[in-house]
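Chemist: Each chain, letter by letter, is given below.
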Amino acid sequence: MFAVACSDFIRRTRDSAVRTGKLLQNPRIKITDVTAVMSRPPPDPLFILRGSGAAVNTLHFCCGGDGPPFLYSGSGKGAIHVWNLTTRRAEHVLESHAGNSVIWLHTFKDSSSLISQGRDMRVCVWDLSEDRSTVTDSLLTGSVGFSQCSLLESRPGSALLAHPTEHMEEVSVVDMRSWTPVCTLKPDSKLGMLMCMKMWQADSGPVLCAGYEDGSLVFWDVSHRRPFSCLKAHPEPVMCLDVDVCRQKGISGSSEKILQSWTFDDQQNLQMHDSVQMTNPGVSQLCIRADGKILATAGWDNNIRVFGLKKLKPLAVLQHHTDMVNSVAFSDHQDPPQRLLAAGSKDQRISVWSIYSES
Amino acid sequence: MGSEVRMQVCSCLRTLSSSRDSGEIVHALRTLTRYLEDDEFTRLHYTRALQVLVSAQSSHWFNRSRDDHEEEIKKLWDEIFLRGPPDQTLLLLLDTISSTGACAGLERCVSVLEKFLSTGRLQVLLWSRCEGGGSYADTPQLREIIIGHLAALPSITSNHLHTNTPDAFLPQQYYSLLAASILDTLEKTCHALRAGRDCSLGFVAQVLGKVCIQGYSSQIFEILAPRLSSLTRADPLWQRVTQRLLENVPERCTECVITGLIRCLSGATAASRLMGNLVLTNKKAQFVLTHKLLLQQYQHPTRLVKSVLGYLALDPERRMLLKQVLRSVCQVWCNSSAVKHTSVEQQLYVSKALLLCVALLTDSEIQELRQEMLQCMLGGVQCRLDSNIVRIRRMGMAVGECLSHKLDTPGSQLKFQYEPDEEIRELKALMESPSVADDDDDEEHQPDASSSLQPEPKVQGSAGRSVTSEPGRGSDSELDSDDDLTPYDMSADQEKKESSPPRYVRDCLEALMSSDDADRVELSLQVSDSLLRKNVNATQEVSVQFSKVLLHLEDRFNTPRFHSLRQNAMVALTVTDIKPVVDYWTTEFYSLNYNLRQRLDILEVLALSAQELSEPIRNKHTGAQPITAATAIERCDDITHWRQIVEKRIQSKTRRISKGATQPVKAVPNCYAPVAGFFFFPLLRNYDRSQVTFDLLGSDHLVLGRLLHTLGLLMHLAINAPVASQMGRALLDFVWVVRFHTDQMVRRGVMFAVCAVFLSMPSENLLTELGDDLMETRAWIADVAENDCDADCRSLAVQSLILLDKNLKSQLQIPDTET
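If you read the protein sequences in the order shown, they are chains A and B. Here the UniProt record's numbering is used: the first residue of the first sequence is 1, the next is one more, and so on. Here the UniProt record's numbering is used: the first residue of the second sequence is 1, the next is one more, and so on.
Just so you know, not all the hints are guaranteed correct.
Computed from the model, here is a short list of chain B residues facing chain A with C-beta under 8 Å [what the hints assert, rightly or not]:
id : residue
1  : GLU365
2  : TYR488
3  : ASP493
Not everything, but these chain B residues come out facing chain A in the computed CB check (under 8 Å) [claimed, not checked]:
id : residue
4  : LEU485
5  : ASP489
6  : MET490
7  : GLU495
So the derived label-pair ranges between C-beta atoms look like this [claimed, not checked]:
id : chain 1 : residue 1 : chain 2 : residue 2 : range
8  : A       : ALA54     : B       : ALA518    : 28 to 38 Å
9  : A       : ILE48     : B       : LEU596    : 40 to 50 Å
10 : B       : GLU554    : A       : ASP274    : 18 to 28 Å
11 : B       : ARG425    : A       : GLU236    : 55 to 65 Å
12 : A       : SER39     : B       : ARG561    : 53 to 63 Å
13 : B       : ILE650    : A       : SER39     : 34 to 44 Å
Calculated from the structure, these hints are not laboratory results. Because the structure is a prediction, the values reported are computed rather than measured. Where a beta carbon is used, it is the ideal one built from N, C-alpha and C, also for glycine.
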C-alpha cells in the first residue's frame, strides 16, 4: 500500500517538476534522486518577534524559572528587549549602554539579574526583580574588540566573568562577587585580536577556550594562568565557537565556508576532528543545544543552518531573514518538546523555530 | 608411320561420326585411347578427334545406347578428354560451350570440364609451359589465346551457362584453384631447378598478369600471398623463383599484380622477400610503388602504405628511393593548390604517407633532408591553417607537430591547441611505430594474441574484491552517524549572489553597458532574454541601443555560457522589435571596424531569429515560442543544424508511393513571411564593395561562406511567402558570381543556397527566372556533382539536381494535362 502511494507520489512530483521546468533545466534529477525530491520541506518559523527597532545582536533564553519563559534580546541601538514567549510581546525594554550597541546578554541562574555587555566598553549587571530595571553594578572593560564575555557560575552566589580588555589579545577573569581580578590571560606568541571565548568548569578547575584573529584556538588553564594547548583551526579569524563539555567536543566557525569541529582529551589537548562545507561563507554565531544532538549556525548568507553534532551532517537550512543573521540561541526549557531555537538578524527581526524538538 | 596413324585415326573418326553400332563405337574409342600416348596423334589429330567426339555424341549415340556398352563409352570418352594435351582440351571445351546452345551435349562438355579442373589438368597445362626453359613451341597467337582462356574461364562459361554455371567455374573457386595450380607449378620449378634443369616462368607470369588485369587480383593473391610469404621465409630458392615470376609479369600488368600482392601481404619484410629489388630493376614497378600508390591513389588502407614504405626502407639500395619519395610527398603536402583542390580523404592519405615516411628515416637521413622537411612543414602547415575546414586545419596541426618533433629543433617545436579526435590519434600513432620488422606474418601474431588474453581474469578478480570490500566500508561509515535526525529538503540552499538581477530593461542595459561587476553582468545576461520578451514596449524603446551594446559586448569576466546567453538576448531583441533591429544588423554587417566574430554573430542571430519567426503561430496568447533558449547550439555546428532542418523538410516533401495519399499540410501563417525581405535584401547590398577591414570576396571567405549559408536559410524559411520569387532571383544572381570560388566552405554555401532556391521558389517562377541560363546552370551543377573534391558539395549538388529536375518535370507536365 505504501509502495503504491509512494510511486504515485514520485510520479506526481516528477510531473509537477516537468511542468515547472525543473527537470528540463536540471537533467540530473532522475528517479534515483527522488529521495531528495521526497524529503520534507523545511519548517516555517513558529513565530516572529518584531519591533526591536534595530539590528538584533544577541539573544538569551531564560525559561527555567517559575514565571513565563523569557527571551532577552540586545539591539544595535542599546535597547534590551525582554520578550514574554507566552504572550509573544516585549514585556520591558531597557535602555542601556547609552545607546551603544549591546553585544552580549546573560542571566544568573539563581536570581533575576541580568548581565549585559555593550559597545560603550562597559559590562552592566541589572536587577530585574519585581519589575525593577536598574543597573546595580557596572565594569569598565576598556575593550573595543569583537569578543563577547563569558560567564561561569561554579557555585550559587559565586561566579567568574571572563571579559576582553583594552589590550586586544588579552582576557581578564574577574570574580563577580567582589569584582576582584582573578587573572589575565595573554598569549605569548602573536595570535592577533581575541575574537570569541567560552569558559567552563573542568575537573581540574575553570578552563577557557579562546579563538583568535589568526584562526588559532587556545585552551587556557584559568587557575594556573597558562595555556594547555593551541590549535590552528582556521586560516581566517575564528568568528565563534561553542563547546559541548560532556562530549569534550567543540565547534568553531570562521569567515569561510568551513565549519570545524575539534575534540580535547583529559589533558586538555586539542585535536582536529571533523569539518563540514557550507554553501556560503561566514558564520556570525553558533550554538550547541544542551542535549548535544544538534547545533545551529547564524550565517552571513541570511540563513540559519542546523547540523547533527556527531558527524556534522547538514540537517536543515532555515530561510526567513532578509539580512545577515547575527545570533542564534537554543532555549533552556526543561521539557524537551517545548525547546525552541531563536535567531536574531540584522533585518531587525527575531525568528523563533521549533525544530528537532520531539526526540 | 605417320600416314598409318593418320589412316587409323581417320577410319576411327568416320566410324564414330557415322556408325550406329555401339560395339563399333567402343572399338574405335579404344583405338583412339591407345593413340593418346602417341606424339603425332596428340600434336596433329587430337583436336580433330575431340571435335568429332563432341559433335558425334551430341547427334546420336548417348541417348540411344542403353545397353551394356554405355558405361564403357562414357568412360572412354572422358578418358580421351582428360588424358590428352590439356591446352587443346581446354580450348575446345570452352569453344564448344560458348558456341552450342543448351542440349545434352553441352551438359557432357560442362561435366567433363569440371572433371578437367578437378583432376588437376591446369597444373599439367601450366607445368608443360614451364618445363624445359620455355622450349614449348607455340605460336604467339596460340599462347595468347590459351592465356586468355585460362584467365577468363569464369566469364566465358557464365556468359553462356548463366544461372546453370557449376560452382567450380565461379570466380572465387576457379581462381583459388588457379592459384593453387600456380603454386604447384612453382614448387615443381623449384624441384627442377634443384635438379639442375631449366625452367621458364614466362607463361605463368603472363597468366598471373592477365588474371590481375581482369580484376581478380584479390581472389588469386588471397591464396598465393600468404603461402609464398611463408615459403620464402625459409628458402632462398623460393625467393629467387618468386622474384623471377614477378619480373616476368608483362609491363602493362605490373601495377595490378604489385598492388594486389602488397594488399594481401602482411608486412614490409614479406614484401621485401617476395619482390626483392624489383623496384630498382623495373621502371614500371618503381613508378607504381613510389608514386602512384602514394600520391595518385588514396583508397588503400594504411597497412598498404606502411608495407610499401617499409619495403623501400628495408634495403640500403632502396633507401635512396625512400628519400626520393619523401621529397615528392613533401612537395605534394606543402602545395597550397593541392590543399584546395583535393579531397580531404586524399589529404589524409598523403599526410599518413608523409608521417610514415618520416618515421622510417634515420637521424642522419633527417639531417640530410632537413631543409626540404622544414620547408614542407612551414608551407604545408600554413596553408592548412588558412583552410576553413576544421578537419584540414587539425590535420595540418597534427602533422606539423609530428614533423617539428622529428626535426627536433630545440626550443622551437610547434605546439597547437586542439581537441584530438580518432583521426588525429591515428595520425600521431603512425609516428610511434617506425620499426619495419615487427609487423610480420599472421602466424607470428597469433601466439601474442593468445598470451594477451591471460591477464584478464586477474582484472576481474580485483574488480570483484573491490566490490566486496565496499559494503564493509559503507557499514563502517553508517555507524555513529546522526541517523536518527532526518534532514529537511535543502535544495533551496544556493550560492548567494552579491547583487540581484535587474528587473527593468533599462537597468539591464545599463548593467551591460557600464558595469565592472562580474556578477551583475552575468545576472543581466541571464535575465535579458526573458526580460526583453516580456516587456515588449520597453524593449522597443531601446532596442537598437541594446543591440549595439550586445554586439560590442566582450566576455571580460569569463562568464559561463556567455556566448549562448548573448546570442539568446540578441535573438530576443530581433524578434521583439523586428524592423529596426534587423536594419541595424544588416547595416553593421557591412560597416567598418568589426571583427570576423562579430560579423559571424550577426549572421547567426539573423538566421536564428528568422527561424524562430517562421515557426507557425499556434496560439496568440502564448506568442512566439523561445525555441532558441532551450537549444544551446554549438557555435560551429549550426550549419549542420540548418541542414538537418532542410533535410527534414525535403523528407517531408518526398512523396512515398507505398504510403498512399499523403496528408495535405495545413497552411498556417507565420511571422517571418511579411518581413523576410528586411532580413534578406540588405545582406546582398554591399558584398562587392571591399573595405580596408573587410574584403568579402577576397581574404574573408570564411564570412562569405557563412553569409551564403545564412542567405540560403533565409531563402528556405521564406518558402510560400510572396517575396520568395524575388529573393530567389537575387540569390541566384549573387551565387552566380562566386560559384567557382576556390574555398570549399564557400562552394558548400553556394550549393546550399542553390538547394534552398530550388526548394522554396515556386517552380513556374523558377523556370522563367532561369530562362536561358537553365541549361548552363544545370551543366554547372552536374559538373559539381561529379567533379568537386568536397564530398558535401557533391551531395548537395546531387540534391539540387534532383530538385531542379523535379521542378522541370512538374512544369512540363502542366501543358500536357491541359491539352
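Chemist: A separate judgement is required for each hint: does it hold in the structure or not?
Modeler: So, going through the hints one by one against the coordinates:
1. At its closest, the beta carbon of GLU365 of chain B sits 56 Å from a beta carbon of chain A; the interface hint therefore is violated under the 8 Å criterion.
2. With 8 Å as the threshold, the beta carbon of TYR488 of chain B comes within range of chain A, its nearest partner Cβ sitting at about 4 Å, so the hint holds.
3. Among the interface hints, the one on ASP493 of chain B holds; its C-beta lies about 4 Å from the nearest C-beta in chain A, closer than the 8 Å criterion.
4. Annotation: LEU485 of chain B was flagged as interfacial toward chain A, and the flag holds, the nearest CB pair being 5 Å apart, inside 8 Å.
5. The closest approach between the C-beta of ASP489 of chain B and any C-beta of chain A is roughly 5 Å, which is under the 8 Å cut-off, so the hint is satisfied.
6. Look at MET490 of chain B: its Cβ gets to within about 5 Å of chain A, closer than 8 Å, so that hint holds up.
7. Evaluation of the GLU495 of chain B hint against chain A yields a held restraint, the C-beta minimum of about 6 Å falling below 8 Å.
8. Between ALA54 of chain A and ALA518 of chain B the beta carbon distance is about 33 Å. The supplied range of 28 to 38 Å therefore holds.
9. For ILE48 of chain A paired with LEU596 of chain B, a C-beta distance near 59 Å fails the hint of 40 to 50 Å.
10. Between GLU554 of chain B and ASP274 of chain A the Cβ separation comes to about 45 Å, which falls outside the hinted range of 18 to 28 Å.
11. The supplied range of 55 to 65 Å is broken by ARG425 of chain B and GLU236 of chain A, whose beta-carbon atoms lie about 47 Å from each other.
12. For the pair SER39 of chain A and ARG561 of chain B, the supplied restraint of 53 to 63 Å is violated, since their beta-carbon distance comes to about 30 Å.
13. Take ILE650 of chain B and SER39 of chain A: their Cβ atoms lie about 51 Å apart, and the range 34 to 44 Å is violated.
Hint compliance for this structure: hints 1, 9, 10, 11, 12 and 13 are broken, all remaining hints hold.
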